[in-house]
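2 protein chains.
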Amino acid sequence: MSAALITPDWIAVDWGTTNLRAWAMGADGRVLAHAESDDGMGKLAREGYEPALLRLIGGWLEGRPPVIACGMVGSRQGWCEAPYRAVPCLALDTLRTVTAPTSDPRLSVSIIPGLKQAQPADVMRGEETQIAGALRLMPNYDGVFCLPGTHSKWVHVSAGEVVSFQTFMTGELFALLSEASVLRHGMQGEGWDDAAFETAVSDAISRPERIAARLFALRAEGLIAGLTPAAARARLSGLLIGTELAGAKPYWLGQRVTLIGAEKLSAAYASALALQGIKAERLPATECTLAGLALLSPQTLAAQ
Amino acid sequence: MSAALITPDWIAVDWGTTNLRAWAMGADGRVLAHAESDDGMGKLAREGYEPALLRLIGGWLEGRPPVIACGMVGSRQGWCEAPYRAVPCLALDTLRTVTAPTSDPRLSVSIIPGLKQAQPADVMRGEETQIAGALRLMPNYDGVFCLPGTHSKWVHVSAGEVVSFQTFMTGELFALLSEASVLRHGMQGEGWDDAAFETAVSDAISRPERIAARLFALRAEGLIAGLTPAAARARLSGLLIGTELAGAKPYWLGQRVTLIGAEKLSAAYASALALQGIKAERLPATECTLAGLALLSPQTLAAQ
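Protein chains in written order, with the numbering used here: chain E, 1 to 304; chain W, 1 to 304.
Just so you know, the hints here were simulated from the structure itself, not pulled from any lab data.
Values in this document were obtained by computation on a predicted structure and should not be read as measured data.
Incorrect hints may appear among the rest.
Since the list gives no way to pick out one identical chain from another, each pair is judged satisfied if it fits inside one copy or across any two copies.
Stated by the list, open to error - With a Cα cut of at most 25 angstroms, we get these calculated SDA-like pairs of lysine to any residue:
no., residue 1, residue 2
1, K264, A159
2, K264, F174
3, K279, S103
4, K43, E263
5, K43, Q188
6, K43, A175
7, K279, Q299
8, K43, E221
9, K43, D93
10, K279, M138
11, K249, E221
12, K43, L223
13, K264, R55
14, K43, V182
15, K279, E179
16, K279, T228
17, K43, S271
18, K43, G189
19, K279, A195
20, K264, T199
21, K279, L44
22, K43, E179
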C-alpha cells in the first residue's frame, strides 16, 4: 500500500540492454522513490515493454505523471524506434522525442533518441542523455567527456554541442575475457592490485600492438610464475584500459577531460589518465542521467 | 566387427581441450584408421580419461600397440601431468615422456610434455609435437613457425631447437567476439569478403591501438551504414590477425616463415603476411602432428 502513496511529478527511466531502472521524481527535483528490475531490452519482445514498465512503476501512476526514458528502449529492437540524430548536434533536443505506443491510459512515455556519427561510423543510446545532464551540471563546459562502461564513449563537446565521439568495446572485452575465456581460470575473486594495474596501463599505451600476446601471458604467468588472481584481474583491466587510452589519445591529449561513470570504474580510468598527466574531473553517472532526463520534466518544459 | 580387425603398429593421439583424435598407424607409417570424439580435457575428470580412450580405440588394442599422446592431456588438469620443458630445447625429447596410469592391461600410454618459456612467460602443449614433426618434414629448417589457432603461436627455431616463442589469443578473441559479444548480431552466416579482410589487416598493422574502437565500428556500421555480415566477419578476422602480426613483427620481419595449421586459417594468415611482403610456406597441421608423434613410434625408436 505504501507504494501507492508515491505521486511523482514525473518518472525518469533508464532502460538498457540488461536493466530497467526508474525514479519517481518530485516537482522540486528530488527523488521520491527508486525501483529497478532485470527487464532489459535483451529479454523483452516488443509487446513486453508496457507490462514490464507497469510491473515496476504501476504504483506511481495515480497522477498520470509523464515518463521520460532513454537508452536501448529506443533502438530498432526496443519498444519503439527513436531514430538516431546525427552529430554535430545538441546532446538532447526536447522536440525530438518519440512517444511509445501504450494501452494503459495512465501511461505516457517519451523516448529520447540516440546519436549517430557517419564517419567514423558510431552510435550511442543513453549516453547522450548523460552528456546533456553533465552539461547542466557543468554549464559552458568545453572539452571531452569519457563515459567508461561496456562500450566506453569518448565525446568531444564544444559550444554546447556534441562534435564527435568514439566508442571502445573495453568493458565488454573485460567481461568476455575474465568470465568466458581461458583467462577466467586465473581470475577468481574480487581482488585488485594497483601496481599491476598501473604497469599494465603503461605497457599497453607504449606497445598497444602486443595486446593479444599480453593477454595470453596472464594465463602463462598463472601457470608457471605464480601470478595471483588479484594481479591478473587488475592487469587485464589495465591492459584493456591502456589500449583504449592509446586509441583515444586524440580525444584526451591536451584536453579538459571529465569522467561520467560508476564510482570504481571511473576511479580506474582517472588513475590511468593520471599516469598520462591528465587530471580528469568526475561526475556520477546516475546524477547525469537524471539531470538529462529532467530536461523533459514538466517543470523544465514549462519554464522554457 | 570390422573395427576389431585393425591391428596398428602404434596409435597416435592428439588430445586437446575440446577434442580427442586418434589414428591407428601401420608399421609403414600409413594411417590405417582415424577416430575422434568430443571427450576433450574440458569435460573429463582424471578418472574419465582411460574410459574415454577405450571408447574410442578399444577395437585397435588386440596387439597391445603403444599409444603416443600430445596436447592438454598432459596438463595439470589432464590425465597425468607431463611437466613443461624449458626452452631453449629440442621440440621433443624422446626420453622425457610420462606414462599415464592405466588399468586395462592392453593400454600403454606415453604423454609428451609441453614447453615453457620463463621470460616473457609462455607455455605450449601440443604445438611442440607439431614443430618436431615439421622439422622432420623440413630438415635443417632455420626460421619461424607460425601455428595459427585458438592460441596462435610464433616459434623461433634454430639449429633444431626451439629458441623462443610467443602466444597470441587471436582465435579465442575471434570466437568470443563473433559468437558472444554484441558483434554477433552482424555476423550471421559463413560469408567472407577478401577485400574487407585485407583492408582490416592493413588498418590494424598501421594503427593497432585503435583495435577496441574498430571492433565497435563493426557494430555501428552494421546499424547505420549497411555493413554486410560477410564483410563484418572478414573484417573482424583481419583486425585480429593484423593486430597479431603487428605484435609478432619481431618474429616474422626478415625471417623465413612457415605456417602450420588448418587449410582455411593458414590461407588467411598467408594472405595477411603476403601484404607485408612475406611469402610464407605452409604445412598441414595433422601431418605435422603425426610426424612428431611418430618420433616415438616403435620403428623410429628401434632405428635410433
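Structure-inconsistent hints, enumerated in ascending order = Of the numbered hints given earlier, those the structure breaks are 1, 3, 4, 7, 9, 13, 15, 16, 17, 21, listed in rising order.
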